[in-house]
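Student: Which chain is which? The protein sequence lines are U and P, in order. For what it's worth, the working numbering labels the leading residue of the first sequence as 648, then goes sequentially. For what it's worth, the working numbering labels the leading residue of the second sequence as 15, then goes sequentially.
The set of hints was computed from the structure by calculation and includes no laboratory data. This structure is a prediction, so every number in the text was calculated from the model and none was measured. It is possible that some hints are incorrect.
Stated by the list, open to error - Computed Cβ-Cβ distance ranges for the label pairs, DEER-style:
id: 1; chain 1: U; residue 1: THR772; chain 2: P; residue 2: ALA27; range: 53 to 63 angstroms
id: 2; chain 1: P; residue 1: THR154; chain 2: U; residue 2: PHE665; range: 29 to 39 angstroms
id: 3; chain 1: U; residue 1: GLY663; chain 2: P; residue 2: LEU235; range: 17 to 27 angstroms
Claimed, not checked - Below 20 angstroms or equal to it, Euclidean Cα-Cα: the simulated SDA-like pairs (lysine to any residue) are:
id: 4; chain 1: U; residue 1: LYS776; chain 2: P; residue 2: GLY241
id: 5; chain 1: U; residue 1: LYS702; chain 2: P; residue 2: ALA143
id: 6; chain 1: U; residue 1: LYS702; chain 2: P; residue 2: LEU144
id: 7; chain 1: U; residue 1: LYS702; chain 2: P; residue 2: VAL158
id: 8; chain 1: U; residue 1: LYS776; chain 2: P; residue 2: TYR164
id: 9; chain 1: U; residue 1: LYS702; chain 2: P; residue 2: ASP69
id: 10; chain 1: P; residue 1: LYS68; chain 2: U; residue 2: SER718
id: 11; chain 1: P; residue 1: LYS68; chain 2: P; residue 2: ALA56
id: 12; chain 1: U; residue 1: LYS702; chain 2: P; residue 2: PRO142
id: 13; chain 1: U; residue 1: LYS702; chain 2: P; residue 2: ILE145
id: 14; chain 1: U; residue 1: LYS702; chain 2: P; residue 2: ARG155
id: 15; chain 1: P; residue 1: LYS198; chain 2: P; residue 2: LEU37
id: 16; chain 1: P; residue 1: LYS68; chain 2: P; residue 2: LEU86
id: 17; chain 1: U; residue 1: LYS702; chain 2: P; residue 2: THR154
id: 18; chain 1: P; residue 1: LYS68; chain 2: P; residue 2: GLY186
id: 19; chain 1: U; residue 1: LYS702; chain 2: P; residue 2: ARG149
id: 20; chain 1: U; residue 1: LYS776; chain 2: U; residue 2: SER741
id: 21; chain 1: P; residue 1: LYS198; chain 2: P; residue 2: GLY186
id: 22; chain 1: U; residue 1: LYS776; chain 2: U; residue 2: ARG751
id: 23; chain 1: U; residue 1: LYS702; chain 2: U; residue 2: GLY663
id: 24; chain 1: P; residue 1: LYS68; chain 2: U; residue 2: PRO670
id: 25; chain 1: P; residue 1: LYS73; chain 2: P; residue 2: MET84
id: 26; chain 1: P; residue 1: LYS68; chain 2: U; residue 2: GLY832
id: 27; chain 1: P; residue 1: LYS198; chain 2: P; residue 2: LEU59
id: 28; chain 1: P; residue 1: LYS68; chain 2: U; residue 2: GLU701
id: 29; chain 1: U; residue 1: LYS702; chain 2: P; residue 2: LYS68
id: 30; chain 1: U; residue 1: LYS702; chain 2: P; residue 2: MET146
Using N, Cα and C, we set each Cβ at its ideal position, and we do this for glycine too.
Here's the letter readout for the chains.
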Amino acid sequence: MIPILRLEAIRHSYGGHFTLDIPSLAIWPGEVFAVVGPSGAGKSTLLRLLNFLEKPQQGRVYLHEKAYTASNLPIELRRRMAAVFQQPLLLNASVWRNVSYGLRVRGSRNGRDAIQQALDEVRLTHLAKHPAHRLSGGEAQRVSLARALVLNPEVLFLDEPTANLDPGNVRIIEDIIRQANQVRGATVVLVTHNIWQARRLAHRVALLFDGEIIETAAVDDFFQHPQDPRTQAFLTGDLIY
Amino acid sequence: MEIFLNGLRQALALIFSLDPDLLEIVRLSLLVSGLALVISAALGLPAGLFLGLKDFIGKRLVVALVYTGMGLPPVVVGLTIYLLLSRQGPLGELGWLFTPRAMIVTQTILALPLIIGFTMTAVGAIPPALIMQLRSLGATRRQVVLTLLYEARAGVLAALVAGFGAIISEVGSVLIVGGNIEHKTRVLTTAIVLETRRGNFSLAIALGIILLSITFSANWLLLHLQGRLDPRHP
Numbered sequence: 648m649i650p651i652l653r654l655e656a657i658r659h660s661y662g663g664h665f666t667l668d669i670p671s672l673a674i675w676p677g678e679v680f681a682v683v684g685p686s687g688a689g690k691s692t693l694l695r696l697l698n699f700l701e702k703p704q705q706g707r708v709y710l711h712e713k714a715y716t717a718s719n720l721p722i723e724l725r726r727r728m729a730a731v732f733q734q735p736l737l738l739n740a741s742v743w744r745n746v747s748y749g750l751r752v753r754g755s756r757n758g759r760d761a762i763q764q765a766l767d768e769v770r771l772t773h774l775a776k777h778p779a780h781r782l783s784g785g786e787a788q789r790v791s792l793a794r795a796l797v798l799n800p801e802v803l804f805l806d807e808p809t810a811n812l813d814p815g816n817v818r819i820i821e822d823i824i825r826q827a828n829q830v831r832g833a834t835v836v837l838v839t840h841n842i843w844q845a846r847r848l849a850h851r852v853a854l855l856f857d858g859e860i861i862e863t864a865a866v867d868d869f870f871q872h873p874q875d876p877r878t879q880a881f882l883t884g885d886l887i888y
Numbered sequence: 015m016e017i018f019l020n021g022l023r024q025a026l027a028l029i030f031s032l033d034p035d036l037l038e039i040v041r042l043s044l045l046v047s048g049l050a051l052v053i054s055a056a057l058g059l060p061a062g063l064f065l066g067l068k069d070f071i072g073k074r075l076v077v078a079l080v081y082t083g084m085g086l087p088p089v090v091v092g093l094t095i096y097l098l099l100s101r102q103g104p105l106g107e108l109g110w111l112f113t114p115r116a117m118i119v120t121q122t123i124l125a126l127p128l129i130i131g132f133t134m135t136a137v138g139a140i141p142p143a144l145i146m147q148l149r150s151l152g153a154t155r156r157q158v159v160l161t162l163l164y165e166a167r168a169g170v171l172a173a174l175v176a177g178f179g180a181i182i183s184e185v186g187s188v189l190i191v192g193g194n195i196e197h198k199t200r201v202l203t204t205a206i207v208l209e210t211r212r213g214n215f216s217l218a219i220a221l222g223i224i225l226l227s228i229t230f231s232a233n234w235l236l237l238h239l240q241g242r243l244d245p246r247h248p
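In isolation and in its complexed conformation, chain U is listed as follows (with noise of 0.2 angstroms):
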């Protein structure tokens, strides 16, 4: 089996005075794969990087063992991915129009189905024609979900995508990402600072600190039988940064 996604000699400063530093990484196809770490530790940049939409300073991003970098990304494969942000950044159009954006930029007139159905999958039927703005931020998010799930993505970029919700919708949302990776077959590649999160939905685990990985492991070893003396203090909140 070849990697879905792999980073190779990267180097890439970020944040002005930080610099990720990560020698190889490499994404399975469907797998869960969640990068943890605290705040400021580059998640949200290797996650741009991962999905082509910043070009490393140095070192290869490859697609299917192919490098390509996000100025030649070609349109169709950039297509075979989909990502959601931490903001819901969706567009001043009703739910249904932010749901159909990603079928409309690809020309697809027949998508009333997969519409309708990442709709039920995010459970906002009944809010197809509210105007977005008017969303509470769980629902934003769940449509910011459902904007990227109708494409059926080969891979989902999820960063952050519950923080600041209240737990009612982290478990909805966090049942439609284990469902995008199960029934849909979505490779997932999940940022997250909350650790918790990471136990319940990924296949593996990486610590991302100071901008180099310190583990990457299997989710029950990262947790139950952590490697790295920084990977036992971040899990016990002794980590300080």
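Starting from the structure of chain U, add chain P where the hints point.
Tutor: Quick look at chain P alone, frame taken from chain U:
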């Protein structure tokens, strides 16, 4: 007060009698300002988008120039274009002076900074992360730009309203480069000046009412469009 009532009566009489001279003046006013608006929008919307989205060295200077342009005195623009198009001027060979073309050029120059400035501000208010979000959903660069323009539609329509309002009611530059020639370059504003000078105040007021009605109708139309396009707008 009576003079205004007379003006109103005369305006209604002129409108309902479909006076051919009046229709000609109205048609030319709409043609000149309409074409100037279309040209300035074609140039100003992309320029405003660019300034609103891109950072580059010297941007602050360009923005300052745009803001200065938003307050350009029409007579100065008219004088400059007059000198450029006059027989001895560098563009004299075009033969555009005292033609509607010269009036369109001056009005385009007057509307352009307004459209650039309003569009730039409207687009600049869109969260930059939205660009990344749209790209991540598979939009091409062109689709991203069109989506951003649509997202900024309230501001873009305000730009068009401001641009049209400024040029349809402008008199200084069109008088200088157009010359207020009957059946050729006479528009509503220059006709008002002429009738006022002649002492035909009722007719001048009548023309003023018609001008205001056109401006109001155009703005009403754009506001209506804004309301339809933007669910947040009343």
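Student: For the pair we were handed, LYS198(P) and LEU37(P), check the Cα-Cα distance against 20 angstroms.
Tutor: 13 angstroms, holds
Student: When you check the alpha-carbon spacing of LYS702(U) and ARG149(P), does it fall within 20 angstroms?
Tutor: 14 angstroms, holds
Student: Holds or violated: LYS702(U) and ASP69(P), Cα atoms, limit 20 angstroms.
Tutor: 18 angstroms, holds
Student: Hinted pair, alpha-carbon criterion (20 angstroms max): LYS702(U), ARG155(P). Please report holds or violated.
Tutor: The given pair, whose Cα atoms are some 16 angstroms apart, holds under the 20 angstroms limit.
Student: Please verify whether LYS702(U) and ALA143(P) have alpha carbons no more than 20 angstroms apart.
Tutor: Distance of about 16 angstroms is within 20 angstroms: holds.
Student: Taking 20 angstroms as the top limit, are the C-alpha atoms of LYS702(U) and MET146(P) close enough?
Tutor: Judged against 20 angstroms, a Cα distance of about 13 angstroms means the pair holds.
Student: Would you check the hint for LYS702(U) and LEU144(P), treating anything up to 20 angstroms between C-alpha atoms as holding?
Tutor: 18 angstroms, holds
Student: Is LYS702(U) within 20 angstroms of LYS68(P), Cα to Cα?
Tutor: Holds, at about 18 angstroms.
Student: For the pair supplied as a hint, LYS702(U) and THR154(P), is the alpha-carbon distance within the 20 angstroms limit?
Tutor: 17 angstroms, holds
Student: Is the hinted pair LYS776(U) and TYR164(P) satisfied, with a Cα-Cα distance of at most 20 angstroms?
Tutor: Holds, because 19 angstroms separates the two Cα atoms, which is no more than 20 angstroms.
Student: Decide if the proposed pair is consistent with the structure: LYS68(P) and LEU86(P), CA atoms, cutoff 20 angstroms inclusive.
Tutor: It is violated: about 25 angstroms lies between the C-alpha atoms, which goes past 20 angstroms.
Student: Taking 20 angstroms as the top limit, are the C-alpha atoms of LYS73(P) and MET84(P) close enough?
Tutor: 17 angstroms, holds
Checked against the numbered hints given earlier, this structure breaks hints 3, 16, 18, 24, 26, 27; the rest are met.
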